[in-house]
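Asker: Residues per chain are reported as follows:
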Amino acid sequence: AQSVTQLGSHVSVSEGALVLLRCNYSSSVPPYLFWYVQYPNQGLQLLLKYTSAATLVKGINGFEAEFKKSETSFHLTKPSAHMSDAAEYFCAVSGGARQLTFGSGTQLTVLP
Amino acid sequence: SAVISQKPSRDICQRGTSLTIQCQVDSQVTMMFWYRQQPGQSLTLIATANQGSEATYESGFVIDKFPISRPNLTFSTLTVSNMSPEDSSIYLCSVEERGSTDTQYFGPGTRLTVL
Chain Y
22 AQSVTQLGSH
32 VSVSEGALVL
42 LRCNYSSSVP
52 PYLFWYVQYP
62 NQGLQLLLKY
72 TSAATLVKGI
82 NGFEAEFKKS
92 ETSFHLTKPS
102 AHMSDAAEYF
112 CAVSGGARQL
122 TFGSGTQLTV
132 LP
Chain U
95 SAVISQKPSR
105 DICQRGTSLT
115 IQCQVDSQVT
125 MMFWYRQQPG
135 QSLTLIATAN
145 QGSEATYESG
155 FVIDKFPISR
165 PNLTFSTLTV
175 SNMSPEDSSI
185 YLCSVEERGS
195 TDTQYFGPGT
205 RLTVL
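Chains as they are written, first to last, in my numbering: chain Y, 22 to 133; chain U, 95 to 209.
Worth flagging that the hints you see were computed from the coordinates, not collected in a lab.
Any given hint could turn out to be false.
Derived SDA-like pairs (lysine to any residue); straight-line CA-CA distance at most 20 Å [as the list claims (entries may be wrong)]:
id	chain 1	residue 1	chain 2	residue 2
1	Y	K79	Y	V40
2	Y	K79	Y	V50
3	U	K101	Y	V40
4	Y	K79	U	Y199
Partner residues aside, some chain Y positions facing chain U, computed with beta carbon under 8 Å [what the hints assert, rightly or not]:
id	residue
5	G64
6	L67
7	K79
8	N82
9	A108
10	F111
Examples of chain Y residues toward chain U, derived with CB under 7 Å [what the hints assert, rightly or not]:
id	residue
11	Y53
12	L65
13	K89
14	S115
15	R119
16	F123
17	S125
18	G126
19	T130
20	L132
Where is the CB? At the ideal position from N, CA and C, for every residue including glycine.
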């Protein structure tokens, strides 16, 4: 069984500031981990994924995430927030059963 | 990645009626999935649809309420039957990437409002 916890349902940052969205997972097998972004009135877009290669994963739009097995974490970061980053972000885990379990989501607001 | 389209993009329906949502992919895929996203909530998997076999439903979802068809490797439909206001949600289909690491790509979603 697997689960995902996203800490902070709402995160606000100023434009140009660091973005940090937290994700902790639980999995009985080595996991695959994903971050998706959902812009208003749209579907989910894959930002990045960890599939047991490099622990630091780079994604689209300047985002990256680091897999830390000891902390069971997969936090999403971006050095400098842009107004266009305002969206909902979902962390998801797969235990190899070809199904994704999603976290509850984090709404990111970027302040001018 | 696959390009996925859904029809309709949104609809407003009366309670007691049914709506069929279509999902079309621009390439052949083995696994397709249907999710529900209730207002302000995360995604919940409804069922997994493989071509040529019956869909596999998750706990809390039944075939009579959410019948699914998967006639070929590029198309699937989800029907929401006998709708009530509680069925108001975004319904999303997704497909699994080839050679997979369980990566899924999502369609734009169908926003359903039931009055």
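Asker: Which numbered hints are broken by the structure, listed smallest first?
Answerer: Result: hints 2, 3, 7, 8, 9, 13, 19 and 20 break, sorted rising.
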